[in-house]
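Engineer: Each chain, letter by letter, is given below.
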Amino acid sequence: DAKTTQPPSMDCAEGRAANLPCNHSTISGNEYVYWYRQIHSQGPQYIIHGLKNNETNEMASLIITEDRKSSTLILPHATLRDTAVYYCIVRAQTGANNLFFGTGTRLTVIP
Amino acid sequence: DAGVIQSPRHEVTEMGQEVTLRCKPISGHDYLFWYRQTMMRGLELLIYFNNNVPIDDSGMPEDRFSAKMPNASFSTLKIQPSEPRDSAVYFCASSFSEGFGKLFFGSGTQLSVL
Chain F
1 DAKTTQPPSM
11 DCAEGRAANL
21 PCNHSTISGN
31 EYVYWYRQIH
41 SQGPQYIIHG
51 LKNNETNEMA
61 SLIITEDRKS
71 STLILPHATL
81 RDTAVYYCIV
91 RAQTGANNLF
101 FGTGTRLTVI
111 P
Chain E
1 DAGVIQSPRH
11 EVTEMGQEVT
21 LRCKPISGHD
31 YLFWYRQTMM
41 RGLELLIYFN
51 NNVPIDDSGM
61 PEDRFSAKMP
71 NASFSTLKIQ
81 PSEPRDSAVY
91 FCASSFSEGF
101 GKLFFGSGTQ
111 LSVL
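Line by line, the protein sequences are chains F and E. Each residue of the first sequence is one higher than the one before, starting from 1 at the first, in my numbering. Each residue of the second sequence is one higher than the one before, starting from 1 at the first, in my numbering.
The following block holds chain F by itself, in its conformation from the complex (with noise of 0.2 Å):
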């Protein structure tokens, strides 16, 4: 599976917009885009997932770049609950659905 770089922490303004950026500069044709959260002392939490197309659920946005190199995660009105770590994921649609989580990014919503 391809390897992501997320920024180490990012911080967002209660009620705004928290875009969180991903590089997968290696991602392969076959290779989605997944997101996901892990507020404290929780399990992680599906968000959402793409491969090359904006993806949009009640929970967040994805855009994926046109060279599906990069992507952002968009929470359109971040709230002080998505405090967490988001992990961005690569991984081929085929295959066991085993995941492998990186460092990811610790966002801080702060009011």
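Hints were generated in silico from the structure; no laboratory data involved. Glycine is no exception: its CB is placed at the ideal position from the N, C-alpha and C atoms. Do not take every clue at face value.
Label-pair restraints from in silico Cβ distances [claimed, not checked]: (1) E:N71 <-> F:P8: 37 to 45 Å; (2) F:P8 <-> E:S87: 21 to 29 Å; (3) E:P61 <-> F:P8: 23 to 31 Å; (4) E:K102 <-> F:D67: 39 to 47 Å; (5) F:T65 <-> E:F96: 26 to 34 Å; (6) E:D56 <-> F:N30: 15 to 23 Å; (7) F:A13 <-> E:F74: 27 to 35 Å.
For lysine to any residue, the following SDA-like pairs were computed, each having C-alpha atoms within a straight-line distance of at most 20 Å [claimed, not checked]: (8) E:K102 <-> F:N30; (9) E:K102 <-> F:L51; (10) E:K102 <-> F:I74; (11) E:K102 <-> E:L114; (12) E:K102 <-> F:H49; (13) E:K24 <-> E:S73; (14) F:K69 <-> F:A92; (15) E:K102 <-> F:D11; (16) E:K102 <-> F:A92; (17) E:K102 <-> F:G50; (18) E:K78 <-> E:P8; (19) F:K3 <-> E:A72; (20) E:K68 <-> E:D56; (21) E:K102 <-> F:E31; (22) E:K24 <-> E:R85; (23) F:K3 <-> E:L45; (24) E:K102 <-> F:A13; (25) E:K102 <-> F:Y46; (26) F:K3 <-> E:K102; (27) E:K24 <-> F:Q42; (28) E:K102 <-> F:I110; (29) E:K102 <-> F:M10; (30) E:K102 <-> F:F101; (31) E:K78 <-> E:T20; (32) E:K24 <-> F:Y46; (33) E:K102 <-> F:E55; (34) E:K102 <-> F:S9; (35) E:K68 <-> E:E18; (36) E:K102 <-> E:K78; (37) F:K3 <-> F:M59; (38) E:K102 <-> F:A17; (39) E:K102 <-> F:T108; (40) E:K102 <-> F:Q38.
We have chain F; now place chain E onto it with these hints.
Structural biologist: Chain E in isolation, oriented as in the chain F frame:
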């Protein structure tokens, strides 16, 4: 569904003792994963099962660790004998085979080996 259920929530034991962690996956899920999380190493995949069969145990640190899945609704991770360096949070997760990377995690077991 109640989600992935792990027990115990916290475990404190002494070095050399046997530790057994338990997991009940979401009903209908055919994949089960055991992860370990520490500050130093982050989230590590230890082993995963498909249809109760261990598929990849390359992440299991050493022979002191063993995992079983006797049926579709139950799995255990055993450490015997336990050592202080085994102290970590152990997570169990499950997914559908068609879930394509969408894993559901339990709340974890905080293990402290003194």
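Engineer: It remains to establish, for every hint, whether it holds in the given structure.
Structural biologist: Results of checking the hints against the structure:
no.	hint	in the structure
1	E:N71 <-> F:P8: 37 to 45 Å	41 Å, holds
2	F:P8 <-> E:S87: 21 to 29 Å	24 Å, holds
3	E:P61 <-> F:P8: 23 to 31 Å	26 Å, holds
4	E:K102 <-> F:D67: 39 to 47 Å	25 Å, violated
5	F:T65 <-> E:F96: 26 to 34 Å	29 Å, holds
6	E:D56 <-> F:N30: 15 to 23 Å	20 Å, holds
7	F:A13 <-> E:F74: 27 to 35 Å	45 Å, violated
8	E:K102 <-> F:N30	16 Å, holds
9	E:K102 <-> F:L51	14 Å, holds
10	E:K102 <-> F:I74	19 Å, holds
11	E:K102 <-> E:L114	35 Å, violated
12	E:K102 <-> F:H49	9 Å, holds
13	E:K24 <-> E:S73	5 Å, holds
14	F:K69 <-> F:A92	15 Å, holds
15	E:K102 <-> F:D11	27 Å, violated
16	E:K102 <-> F:A92	12 Å, holds
17	E:K102 <-> F:G50	12 Å, holds
18	E:K78 <-> E:P8	13 Å, holds
19	F:K3 <-> E:A72	33 Å, violated
20	E:K68 <-> E:D56	12 Å, holds
21	E:K102 <-> F:E31	14 Å, holds
22	E:K24 <-> E:R85	26 Å, violated
23	F:K3 <-> E:L45	16 Å, holds
24	E:K102 <-> F:A13	29 Å, violated
25	E:K102 <-> F:Y46	6 Å, holds
26	F:K3 <-> E:K102	19 Å, holds
27	E:K24 <-> F:Q42	17 Å, holds
28	E:K102 <-> F:I110	29 Å, violated
29	E:K102 <-> F:M10	25 Å, violated
30	E:K102 <-> F:F101	13 Å, holds
31	E:K78 <-> E:T20	4 Å, holds
32	E:K24 <-> F:Y46	19 Å, holds
33	E:K102 <-> F:E55	15 Å, holds
34	E:K102 <-> F:S9	24 Å, violated
35	E:K68 <-> E:E18	15 Å, holds
36	E:K102 <-> E:K78	26 Å, violated
37	F:K3 <-> F:M59	24 Å, violated
38	E:K102 <-> F:A17	25 Å, violated
39	E:K102 <-> F:T108	25 Å, violated
40	E:K102 <-> F:Q38	14 Å, holds
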